[in-house]
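Trainee: Letter by letter, the chains look like this.
There are 4 protein chains.
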Amino acid sequence: MIKAGIAGATGYAGIELVKLISNHPELRLSVVTSNSYRGKFLTDVFPSMRGFENSVCEDLNIKVLSKKIDVMFLALPHKISMQYVPQLLDHNIKVIDLSADFRFSDPEIYEAIYQKHTSKRLLKESVYGLCEIYEEKIKKTSLIGNPGCYPTSILLPLIPLLKEKLISSDSIICDSKSGVSGAGRALSLATHYCEANESFTPYKVGNHRHTPEINEKLTIHSKQKTNIVFVPHLLPLTRGMLSTIYVKSVNNTNEEQIREVYDSYYGDKPFVKILKRGMFPAISQVKGTNYCDIGIHFNADTGQVIIASAIDNLVKGAAGQAVQNMNLIFGFPEETGLNFVQTPL
Amino acid sequence: MIKAGIAGATGYAGIELVKLISNHPELRLSVVTSNSYRGKFLTDVFPSMRGFENSVCEDLNIKVLSKKIDVMFLALPHKISMQYVPQLLDHNIKVIDLSADFRFSDPEIYEAIYQKHTSKRLLKESVYGLCEIYEEKIKKTSLIGNPGCYPTSILLPLIPLLKEKLISSDSIICDSKSGVSGAGRALSLATHYCEANESFTPYKVGNHRHTPEINEKLTIHSKQKTNIVFVPHLLPLTRGMLSTIYVKSVNNTNEEQIREVYDSYYGDKPFVKILKRGMFPAISQVKGTNYCDIGIHFNADTGQVIIASAIDNLVKGAAGQAVQNMNLIFGFPEETGLNFVQTPL
Amino acid sequence: MIKAGIAGATGYAGIELVKLISNHPELRLSVVTSNSYRGKFLTDVFPSMRGFENSVCEDLNIKVLSKKIDVMFLALPHKISMQYVPQLLDHNIKVIDLSADFRFSDPEIYEAIYQKHTSKRLLKESVYGLCEIYEEKIKKTSLIGNPGCYPTSILLPLIPLLKEKLISSDSIICDSKSGVSGAGRALSLATHYCEANESFTPYKVGNHRHTPEINEKLTIHSKQKTNIVFVPHLLPLTRGMLSTIYVKSVNNTNEEQIREVYDSYYGDKPFVKILKRGMFPAISQVKGTNYCDIGIHFNADTGQVIIASAIDNLVKGAAGQAVQNMNLIFGFPEETGLNFVQTPL
Amino acid sequence: MIKAGIAGATGYAGIELVKLISNHPELRLSVVTSNSYRGKFLTDVFPSMRGFENSVCEDLNIKVLSKKIDVMFLALPHKISMQYVPQLLDHNIKVIDLSADFRFSDPEIYEAIYQKHTSKRLLKESVYGLCEIYEEKIKKTSLIGNPGCYPTSILLPLIPLLKEKLISSDSIICDSKSGVSGAGRALSLATHYCEANESFTPYKVGNHRHTPEINEKLTIHSKQKTNIVFVPHLLPLTRGMLSTIYVKSVNNTNEEQIREVYDSYYGDKPFVKILKRGMFPAISQVKGTNYCDIGIHFNADTGQVIIASAIDNLVKGAAGQAVQNMNLIFGFPEETGLNFVQTPL
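Chains as they are written, first to last, in our numbering: chain A, 286 to 630; chain B, 286 to 630; chain C, 286 to 630; chain D, 286 to 630.
Same shape as in the complex, but just chain A:
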């Protein structure tokens, strides 16, 4: 059994990790930490977490914890993560970091949108944990920068088409919609029930910090400076995310070719599902799962391609992909602990 720790276990990504790790046949949850609730039992914070009546939220002291764990999941705010990663690696602990701290290849991009990076050296060693794309690199690394939720929903459909030059890297438009849990458990007026309920709104138009994360990866794969138009919106629901993506095909591409490329990239991948013609994803169909469902509409007259991709922001967009990365690092089948059956309700 691999011994796992979760830092920041009482946030929404953190508690989802507790669930997934507890249900995982090869993992044992040895340590949970929480800054806000340190010293409390996990069940005092989340009464539904049966079986954790004796799990105390510990302080994040690497020295103390290092003996108890083989892998650490960091569900911490940006900037806090990078303070702990070097120490963890020094103790030979594998690290899956869910913050943005190790997602970028280029520290300048990171520093432009977040803050000064204090572990630039490690940034080079870290691997961007988009499992279906970086599988081979992931298997060899000790440090994962787990992708953001919006980037996951956008990169999975776009990378194959850009890399195979079926679509233009110009004029990519991503209209994304996320459930409220994406904003975390911290209190804010925007996530107050009465303000989010029965409403819907775009936010951070033109300046969401997931944009550079997406652009950096698309630029690498398309080999062309790529600059998407990205507008996130807040949905009145708890879990799930859907991105509607508008791109232009090039080189006389037809729908068949698009589907073939997807098949070659994802045909043998357990968690990316290309829907049949005429079918489109719904959040209810991926909620609670690690799946990314992708629907395609191709207009043969205009070459316009409409792609809709849906994920659960807390699973494939956070904790599930983190566990999938862990599976790859430790040599387990990628779907271990993640291939449970789920209903749409």
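If you are wondering where the hints come from, they were derived from the structure by calculation, not from laboratory data. Just so you know, not all the hints are guaranteed correct.
Since the list gives no way to pick out one identical chain from another, each pair is judged satisfied if it fits inside one copy or across any two copies.
List of simulated lysine-lysine pairs, BS3-like, C-alpha gap at most 27 Å [as the list claims (entries may be wrong)]:
#1 288 - 422
#2 508 - 533
#3 422 - 510
#4 558 - 489
#5 533 - 450
#6 288 - 325
#7 533 - 448
Based on these hints, arrange chains B, C and D on the given structure of chain A.
Mentor: Same frame as chain A, but now just chains B, C and D:
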């Protein structure tokens, strides 16, 4: 007092008309008809409709009704409306038709998406009731084709920019999201509570019948064959609609010019509100009102324009705009009965 | 025109007051104050408040405001209200206080659950603003203690039956359910979207501070020490409240008598509606209105009476009843500004 | 591996069974039947059911199916179930019937509320599948009448207290609230999104057919004719149920005794959890799980006991309890396949 009738009063647009007409200082509601509930009291169908304890849902018999009304609001299914319109006009009754039957200038477009049109002659006399654009024509007509909800949310922001040649008529992308009431009161699996709740999905991708309605109007105003990309989505909320629209500016347009054009079109219009830079509309801010709120993001580097417009699909997208049309026809100030204050809750 | 002020206009009850007063034909809103947003425009806090683009949230300085207003609505936290009431009355301003500060006849009860009362003298002059019960006293007072939302939903159905000795004052059970707006606009984990959504829970079981408010009034009317069992629950919706009340009939009461008593108390009251046999209220049917709908089930075999009452917690449970009180004080018909038509959506 | 079949797999209880059985380590799902969707793939009806791409909804033909299964879960409408049960038992197939057909000991009660019972003989052999109470009988039977959701939430807290004579069997009041999935997947106006959303209402007051089911069981255990007051309400959420129960203690019972009795009945049961003093259940804390959480408030002055119990109506109230029954019948630990970790989101 103008005497008004509502045909189809027990649907969601119909009952919204009952409310607005009842609260209108210049209108008296004289007749309500309903096919599904004929013979029943309106309060048996909608117990919340206080004051209608004696209002019986009548049969739609024009001869009988014609003496009681000056204006008829038709909240009937497509195709049914056109059966009654000629008779109503023959009785000198003004008609505001909320169906698609009199929205098109070109009967061929109508027939391609709906069915055979049996009153093509009247189609020429009817006016498309987008109040802020067709005000002068509306004032002189007896027959309004009241716009669809999606078209209202898309045409209001686009017509001024296209007409003044600030944006390209190519590559217009409209990503629209509607609350469930847009699908009406008829039962369907998609609108079953458990299926719509906590979900979100695109539907009718590439073939929603509002697309030709939008394209016909945009083509007229841009004087160029216009073919938008339009994807509607179903939101888990009851009322409201938001369209995020992606267009490209041309002719070295800058943000100032866009705002000036909007100001010249809508500066004196009571129900279209252009939000300040950095502000974007939310459904909660227009819910229950006749407003269309429009937010703009202009990227000076790329010329990309992002526009978000929000309306209440049952008010500005249906019953409210119908009353606004009636106001114009009868010479009342456009906002009469529609300028109540509303909170976001 | 009566000139009105609202203190605490940026809370949920406050903004509902802004709406109702603005739509009221006899009132002019002259002053709004806000502690949290002082100096800001009301439309910066609530963009949907059209027409308030120039309304600045002022400081609550009675001296300054006193000349501008005839009546002051206080939508302030408990304890804060009583600091301002004496001054307002000294300036001959009528006061409708939505806090608990002037709801109690007995200062000891108030002090046991809230804090020291600093205006006990005024407590004696104040009238409990349950309009249908205290109409005559309300018409003569200058100071209203506007009832709590739970008490309104419980007292309206119970007072007539207790006063006329149709039911026992023992064993009264009130199972109440409130929408999230009842908790106000202040941030808390319980009202975070992801925590309240798709959940339902009782809270403050056995010690909610509305219990003594209800008991004091019931004791007065039944002339017997009354001690209800009251359990409030949090509903996953924004507006509305429903109380299901279980009582035992006495003195061989039958259903007819219960309905007659209700008719004699409420038959001519515009805002209390007794539903026909077999009908029960729904929150959707009162949402946005000042109505209290009451449904009754009488079991002739056991004498058990089940009553369900529904109100909008922000209207009849707060701002609407406040305006109704104002109408009574100033001699307007009770329903002035409150008898608009509303749909269930 | 036990081979299981599900009849009526495309309803909400049916699809929940598909999920639970698929995730169960000792079960293999061999047959699914559906009347509405016969001949279709399960994934055409529920696209989220990954891994069922080849599962065809079969016709319910016992002869054909009998060789493929050891146990049959019947998620069929009342009356339909009893047509199939005799045949299934003749083929030595264990039957867990989720309908009401085999829940009653007394056929007259059944016939008074449902219809003529065509297998009265089997009614005597069937066991009421309330696992924590009838464990020993369940282990020996071949036919389970799986309890209704409301009865489960009410009987679990009441049976121990009645049996041990801590509370009176008079004046038991059960105020229950259920999510919309309790009404099933069939279309109705009450479960239309726009009608159920943002509303809340009691229904079938005084005549819900779960009342006799509850009374029969309580009468057996209390040894006194028991007649509860039961009012169900419809909550605006998909899954979950909460019952608030008001009873009177007798025989000078104190809180300690109540807790001791619960401990003796449920202390070693995996799925009934008695919450600590001051804690009350929330639907979010049991959603998706087989738990019944019970909170208690005891008023020492009055002897009044307030109990709140929460379950997931589709799990402990239907499919989960069905699997728990199956575990008992086949000798697996009761929690097999049901003790996964779940978060509140």
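Trainee: Could you tell me which of the hints above the structure violates, numbers in ascending order?
Mentor: none
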